[in-house]
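Protein chains: 2
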Amino acid sequence: MKAKIHVTLKQGILDPQGKAIEHALDSLGFNNAANVRVGKYMEVDLNETDRAKADAQVKRMCEQLLANTVVEEYRYELT
Amino acid sequence: MKAKIHVTLKQGILDPQGKAIEHALDSLGFNNAANVRVGKYMEVDLNETDRAKADAQVKRMCEQLLANTVVEEYRYELT
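If you're matching them up, the sequences are chains X and D in order. Residue 101 in the working numbering sits at position 77 of the first sequence; the count goes up by one each step and never skips. Residue 72 in the working numbering sits at position 48 of the second sequence; the count goes up by one each step and never skips.
Isolated chain X (complex conformation):
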């Protein structure tokens, strides 16, 4: 199975990278862009055909390594 994982900063957590992009967009003439938030997107191939097992595994991967759950949240799809 393939897992598609999004890791994003929790609402309310300051996103300096997003702010930098917002300023860069502004200086390029895109004046109507706001609230830029930057996150990570990961694709992982899992050698696992059981959907429930794959789901539990991806959840553990996110909790243990891929996301810092103090400031980030994650979501994923399995395909």
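By construction, these hints were calculated from the structure, which means they are not laboratory data. Treat the hints with care, as some may be off.
It does not matter which identical chain is meant; a pair holds if it fits inside one copy or across any two.
Straight line, CA to CA, 30 Å or less: simulated DSS-like cross-link-like pairs of lysine-lysine [what the hints assert, rightly or not]:
hint	residue 1	residue 2
1	Lys77	Lys43
2	Lys64	Lys34
3	Lys77	Lys26
4	Lys28	Lys64
5	Lys83	Lys64
For chain X, the structure is supplied; the task is to place chain D on it using the hints.
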């Protein structure tokens, strides 16, 4: 409108960050994870109600700033 943008490395381009995650997963006991690819995920609020205009604008943002089209590809949805 809100744009949800994914920027990923093109197929065939080496992804050292993905490889590092793969090794880290392996050492945590996730031995069946492979082909980890890491990309960026961005959300941008656009003060623009015309869908076609917003679309053209996001495309230009990606080409000019958000993606390095030599090694990266991008895709986006407008909601």
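List of violated hint numbers, smallest to largest: Per hint list: zero violations.
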